[in-house]
Structure formats: structure tokens, C-alpha cells
Amino acid sequence: MKLQLKIWRQDGSEDPGQFEMHDLNGVSEDCSFLEMLDLLNEQLLENGKEPVSFDHDCREGICGTCSLTINGLPHGPEDSTTTCQLHMRKFRDGETITIEPFRAKAFPVVRDLVVDRSPFDKIIQAGGYVSVRTGSAPDGNAIPIAKQDADLAMDAAACIGCGACVAACKNASAMLFTSAKAGHLNLLPQGQAEKDQRVLNMVAAMDEAGFGNCRNYGECSAACPKDISLDFIAKLNRDYSVASVKKILS
Amino acid sequence: MALSGFVLVGFVFVHMAGNLQMFAGAEAINTYAYQLKALPWFVLWGSRLFLLVAVVVHAWTAAKICAENRASRPTTNDVEVTKKSGWASLNMGLTGSILFAFIVFHILHFTTQTVFPEYKELTTHVPASDGAEVHDVYLMVLSSFGVEWLSAVYVLCMFLLCRHLTHGVSSMFQSLGLRQESWRSKLDSLATLYGWVIFFGFISIPLAVILQKHGAVEVFDKVAFDQVVPAAVSSSIPEAPTQ
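Residue numbers (my numbering), protein chains in the order written: chain A, 1 to 250; chain B, 1 to 243.
So that you can see chain A by itself, here it is in the shape it has in the complex:
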């Protein structure tokens, strides 16, 4: 395949950044999007140029490290697919592909296509955990959990924290991520003790990090490589309302 790549280059968060055009020949349609970028970087290095920085780790679609907004869509045009699992056969020969970083004020660009997604860690630190006493491991199945709750919690836990939801949102809202992480624990018996505090603290951390407000566009869920449902946002809104009322009354 022959491709023309329009790639975002930026030296750091202070640099305004600009697009750069690169031609790439001999791309196999069986290679992944990241392997295609590896080819580009080899070509750049051979020509004595600076390679393009981009995030990647497991390349199996489970770690949430890869990012990239490809032709305007986070993780590219395929549904339920991370960038590392996207294959070049999904593009046309001779196509111009625009590659941009995940854009949000809360995700400053570190370099080129690499953005700092540590605000997600701040949200997790605010309540994405259960406090348990240390000691011997409890017996398996000692706490009964309804199958439907376990399944739903697992659906939420599928979130890999890649940030595509933020990049897909016109308002850079992190509601889908936060709702998945809060919903996962709020659905399980182990998470009940800290449920209200968790929701209030995680939402506060989300707002403080500078993410935008949810306006129910639904773009986040459509871009999510793990198909996290908008129901978790509804659940977060519900849990937040209950927790707020309880806080006022207490």
C-alpha cells in the first residue's frame, strides 16, 4: 500500500505544533496501524530525521496505552477497536490519513502524538478503589453476588482507561471513564461502604482536572474500544444525586 500521512508534530505542551506530511510506500495491508508508524519511523531515522513519538505498549488491545485520533476518530474508524488492533486493510491504497493526538486541555501534549493522561490517575486516586483490611485472603464465594450485577460490573471494569472517550467528546468530558470506574465498584458488595464518598470525590477530581461537562452526545461510547455503555453515565448521575442529597441531609 501507498499512503500519505498527515501527522501532528509538537515539541512539548508549550509548542503550538503543526502538521507534517510524509509519504510511505510498501505498507502491507496486514500490518497494524502502529506497525505502519514503526515503518514511518524507520524511514525517518534512515533519512536522519526525528521519529514521531506515539504511545504503545501491549499491542494486544488490552493495556489502554495506545491512543491517536485517526481521520477525526479516536482509535480510528473501526468500532470496538484500539489503534494497535486496527489494520491497514481498513484503509484505501493511496489514502491520506490524518493522525492527531487526543485533544483535551486536561491531556497536555508531551511530544507529537503522546499526551499526558495522568489526570485519569487522579480520578482513580480519588475513589477508584475499595479500602480492605489486610490479612488472610477471604474464602472464595464468601460474598454472594448476583450474576447480573457481576456481569454488569465486569462490563464497566472492561474500561482500559485509554482516554478515547475524552478525545471523542466535543467538550473533552471524562464522564464515561469516571462512570465506568465508579460504576464497577458501586455495583459490587465490596464497594458499597464507600459508595457515596467515592462518587462525590471522583466527580470532584474529574472537574478539578479540567474535563468538560457531559451533554449527552454519545460520542464517547461510540468511540470506546471496550463498548462501555452510556448507562454507566446515567448510573453515575443517579448515584451522584443520591450522594449529594444524603450529604446535604447529614
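If you're looking for bench data, these hints aren't it; they were derived computationally from the structure. Some hints here could point you the wrong way.
Simulated crosslink set (DSSO-like; lysine-lysine; CA at most 27 Å straight-line) [to be verified]: (1) Lys84(B) x Lys226(A); (2) Lys170(A) x Lys37(B); (3) Lys83(B) x Lys105(A); (4) Lys64(B) x Lys247(A); (5) Lys105(A) x Lys120(B); (6) Lys170(A) x Lys186(B); (7) Lys120(B) x Lys222(B); (8) Lys186(B) x Lys226(A); (9) Lys195(A) x Lys246(A); (10) Lys120(B) x Lys37(B); (11) Lys83(B) x Lys226(A).
Under 8 Å between C-beta atoms, here's a sample of chain B residues computed to sit facing chain A [as the list claims (entries may be wrong)]: (12) Ile65; (13) Glu80; (14) Lys83; (15) Leu90; (16) Glu181.
Rough simulated footprint, nothing fancy, chain B against chain A, three-plus residues with beta-carbon under 8 Å [unchecked claim]: (17) 63-76; (18) 97-110; (19) 166-177; (20) 205-214; (21) 225-231.
Only a predicted model underlies this, so the values are computations on that prediction, with no experimental measurement involved. C-beta atoms are modelled at their ideal positions from N, C-alpha and C, and glycine is treated no differently.
We have chain A already, so just place chain B on it with the hints.
This is chain B only, laid out in the frame that chain A set:
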């Protein structure tokens, strides 16, 4: 946002249902208008204040959310595409701002009659008023919507309201945490249906007036109609009738 929206969503339906009494004749709409205004002052002004607060809260939170959202996403993508959201959801701020201006105009037009002070001279009698003179809403509405450009403005604004409601009604349930995947699509269809019901309910009146003006239909009282709506060739603003 959702709670103030809920109040306004309910209000537009009641308002539309009230307006449709135009088709029941002059006495029905004039009695309805008289009875609304004859409510105890604290009920009348309490309701008006309640609605005003709902509009202000709705507009203020919307402005705040818009400003915050713009700050959260300072740079846009070179390629902007969407998978799910449509024109209605992406332009809530635009449709909302135009509707806010419309509400101000609408109140100056029909409630305070500041735009056309000659409406104040339109009076009539209804049995409920015990012989007292009441405002003739029937003639005022016919006279207004007999003006093509005014009808066009109202129809256009009602279309924007329809789009605003289509996203707003379904979004309201999501924000209040009352939406679920199993009935999401049904709720979205219901919101779309609600938007269209409100649209057609409201525009039926200006549409019927314009059609009658051009002789296509005859739904309103002919004598009253001809009294305030000049023949189709004239496009000037109708004068107040001589009683």
C-alpha cells in the same frame, strides 16, 4: 439544567394545548385567557415567577456549561467527524440562544403587546367575565399571524424548539439518571415524537391563518377573520379594527 428543562418541557405542552383552543372558536380561547388572568394574583404571579426562574436557571447553567466546555477543549481536531451525535445535540447552544430571544420577543408581542400596541384596543365580552370587557385574544392572534413574515418567524422558531426538545427531552432523563440501554431507543423516539407534536401543535395556528388568508381553508370565523386580516395581496401590518 435537567430540572429546569423538565419544567419548561411541561410548560410548552400546556401552552400548546391552551393555544389549540383557537380552533374551538373565539369564546373558548377568550374565556381561557380571561380565566388565566382572573386567577388569584399569587397563583398567577407565582406561576409566572416560577417559569421565569426556570428560564433564567436554564439559560444561566447552559451559558456556564458552554464556557466550561469551550475551555476544556481549546484545540479542535483538524478532521471533525461524529459517529452518533446529530445537528440537534451539537447545536443546543445555538437553538437555545435563538429560543431565548424568541421568548423575549413573544412576551413583548402577545403578553405585554409592546410590539404592536394596537392589540390593546381589541376587546370583547365572554360569559365568564360577567359583562366586564376582556382582551380579545382570538382577534389578536388572527391579526398577528395574518402577517406572513411574523408567521414565518414563529414557524421557524417552533422548528428550532422541536430540534431543541428532541435532544433535550431524552438528555434530561440521562442527566437525572433515569435512562437505560433497554429503553434508550424508545425514549429517544418518544423525545423525537414529543418535539414534533409540539412543533405541529404550535404551527397549526399560524399555518391555518395563512391558508385561510389565501382562501385555501376556512377554519376560523369568517366575519372576525376578515375584520383583522387584510386580503392576501396586501402585506402591510393590519390595523386595529374599528369596533
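Against the structure, the hints:
| no. | hint | in the structure |
| --- | --- | --- |
| 1 | Lys84(B) x Lys226(A) | holds, 16 Å |
| 2 | Lys170(A) x Lys37(B) | violated, 45 Å |
| 3 | Lys83(B) x Lys105(A) | holds, 22 Å |
| 4 | Lys64(B) x Lys247(A) | holds, 24 Å |
| 5 | Lys105(A) x Lys120(B) | violated, 54 Å |
| 6 | Lys170(A) x Lys186(B) | holds, 25 Å |
| 7 | Lys120(B) x Lys222(B) | holds, 22 Å |
| 8 | Lys186(B) x Lys226(A) | holds, 24 Å |
| 9 | Lys195(A) x Lys246(A) | holds, 12 Å |
| 10 | Lys120(B) x Lys37(B) | holds, 15 Å |
| 11 | Lys83(B) x Lys226(A) | holds, 16 Å |
| 12 | Ile65 | holds, 5 Å |
| 13 | Glu80 | holds, 6 Å |
| 14 | Lys83 | holds, 4 Å |
| 15 | Leu90 | holds, 7 Å |
| 16 | Glu181 | holds, 5 Å |
| 17 | 63-76 | holds (count 4) |
| 18 | 97-110 | holds (count 6) |
| 19 | 166-177 | holds (count 6) |
| 20 | 205-214 | holds (count 5) |
| 21 | 225-231 | holds (count 3) |
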